[in-house]
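Novice: Now for the letters of each chain:
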Amino acid sequence: MAVHAPAARPKAVREPEPRPRRRSTGGYWVFLLPSAVLFTAVILVPFLMNIGISFTRWQGIGDPRWLGIDNYTRLFADERFWASFRNNVALIVAMAIVPTVVGLVLAATLFDYVGKKFGPRTASTLRAAYYLPQVLPIAIAGIVWGWIMHPRYGALNAFLGLFGAEPRSWLGDPGWALPSVMLIMVWFQIGYPVVIFMAGLQRVDPALYEAAEMDGASWWRRFWHITIPQIRPEIYVVLLTCTIAALKVFGPIFVLTRGGPGGATLVPSYFSYQNFFEKANVGYGAAIATVLTLVIIAVTVFFLRIQDNEDGQS
Amino acid sequence: MIRKYSVLVSLAVLAVVMLVPFVIVTLNAVRSPQDYSANGPLSLPDGLYFDGIVEFWNRVDFGGKLWNSLVISGSVAVLAVILSVLNAYALGIGRVRGRVWILVVFLVANTLPQEALVYPLYYLSKQAGLYDSRLGVIIIFTVIQSAFGTYLLASVLGRFPHEILEAAAIDGAGKWRALWRIVVPISRPTLSVLLIFFFIWTWNEFFLPLVFLISNENQTVPVALGVLQGDKMMDATMSSASALLGILPAVVFFLIFQRTLTRGVTVGAIK
Chain H
1 MAVHAPAARP KAVREPEPRP RRRSTGGYWV FLLPSAVLFT AVILVPFLMN
51 IGISFTRWQG IGDPRWLGID NYTRLFADER FWASFRNNVA LIVAMAIVPT
101 VVGLVLAATL FDYVGKKFGP RTASTLRAAY YLPQVLPIAI AGIVWGWIMH
151 PRYGALNAFL GLFGAEPRSW LGDPGWALPS VMLIMVWFQI GYPVVIFMAG
201 LQRVDPALYE AAEMDGASWW RRFWHITIPQ IRPEIYVVLL TCTIAALKVF
251 GPIFVLTRGG PGGATLVPSY FSYQNFFEKA NVGYGAAIAT VLTLVIIAVT
301 VFFLRIQDNE DGQS
Chain F
315 MIRKYSVLVS LAVLAVVMLV PFVIVTLNAV RSPQDYSANG PLSLPDGLYF
365 DGIVEFWNRV DFGGKLWNSL VISGSVAVLA VILSVLNAYA LGIGRVRGRV
415 WILVVFLVAN TLPQEALVYP LYYLSKQAGL YDSRLGVIII FTVIQSAFGT
465 YLLASVLGRF PHEILEAAAI DGAGKWRALW RIVVPISRPT LSVLLIFFFI
515 WTWNEFFLPL VFLISNENQT VPVALGVLQG DKMMDATMSS ASALLGILPA
565 VVFFLIFQRT LTRGVTVGAI K
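Protein chains in written order, with this note's numbering: chain H, 1 to 314; chain F, 315 to 585.
Incorrect hints may appear among the rest.
Claimed, not checked - Straight-line distance between alpha carbons at most 25 Å, and here's what the computed SDA-like set of lysine to any residue pairs gives:
| hint | chain 1 | residue 1 | chain 2 | residue 2 |
| --- | --- | --- | --- | --- |
| 1 | F | Lys546 | F | Arg373 |
| 2 | H | Lys117 | F | Tyr319 |
| 3 | H | Lys279 | H | Arg65 |
| 4 | F | Lys318 | H | Gly260 |
| 5 | F | Lys546 | H | Gly263 |
| 6 | F | Lys318 | H | Phe223 |
Hint data in this document are derived by calculation from the structure and do not stem from the laboratory.
Start from the sequences, fold in the hints, and give me the full structure.
Specialist: What follows is the structure in structure tokens.
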């Protein structure tokens, strides 16, 4: 995760337009050969194998036994599976929606208010502070907070104790575990949209803001009618990349809660890992991973579609 | 006036809140266990105490973990850039037939969750004798990172000035020569940004290295620290020391590469 290619990502989503000029194209396919071999071995074959395995019962040793769609019917009746996707929705809120909304307000305030009233250095220092958690490996971010929220020796209980609060097992309490993980992910994620949105705002013609200011438009009106429409492409990219990141989240769950307590923080990624490597239900794990893949592809297609529609209208 | 500063103060308070976890982990990493039991985690430490960090370093052979992470991330960065350049040369400049579909394949590969590949990769790498080896992880991440690299570079090279290549062709330079003598040197800024991103992304990876690197001597920094969580031997100050050791390399990379990374914003936006 951390440290995304800020403006590189928005560009990457757009398809380069081929030049109309024809040039000789013979012989270039040779350069694709190394990749063709490696992609087949590392992505294509494993991906197809995983789909194949999802239709079998297999312990990882011996021969897989063909089951047809049994794993999938079992999956859709499995309360833990649905719970894992509900928890995943909570993590999409924490990793994509809240950071995008808060990031928009922060980026616009830093750019349009702090940058102008207090100078660009103040704005970029604050931006760096918000961004710092993003440089951590996501698993290390989990380790940091695992220590802070530790029930026996963590700093959070010590701090709240100053105000007379009872010590609490933040990650061990079924009611608190998911909100705690969500809070950690908001902390981790917030800097990414701030940086991308501020880079996007550089593009906006300052005359737009000046004209609006002269017309007496309030800060919120400028935010709503200039900032948001102008950086719409960046908003889509942030929502898409963060939603996918939330759907794939594994490291923090592994180091903080292992999906517990009692499945309160179980996510599809960890659920499949459990079935693969802890319970030796390889077929079932493969079915979970396949469904997760389909969800991710559906989300990607959905975002690219609405983005295309927007582009077509404007 | 009051309003002007209240905005700044609330933004600064938020910045402090964001930084508190870093500060509190550092404070407790350099605190002695006696100090911790006397004063708790919130006060300033009595003095600088590095024994906890040293003891943790030696116990997990942290130097070895750093080396593993460096070897894996460094190799992946170099190899994935090479692979991306080769692909992008064929797609962006060579415009081979079916290039749009090939790009779609790379895009899909880029969004696939690793969970959908992990078990077959685990099984196949055992067959190939690459399980629990740094080489196995290097090969896998080279391919995964180059999926993104190809996608990005193909669009950058699609706008490569053709006049230069045509001039080279007239001078008798073959495709291979044109790639290494002209395309690569001219695209250096983009390639170095890509190199750094691949390095950091691979350093930060957790899921596949956790599955593939089970023996102690092969583990990377995040995996080694991740599997120690909940270890009964870890007391308050030593846990804190372990978190600090995970934070430090990431912050160091960020400080070293910051300038290249900000330059990357403009490089990525080449029209």
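Novice: Of the numbered hints stated previously, which ones are contradicted by the structure, given in increasing order?
Specialist: Violated hint: only 4; rest satisfied.
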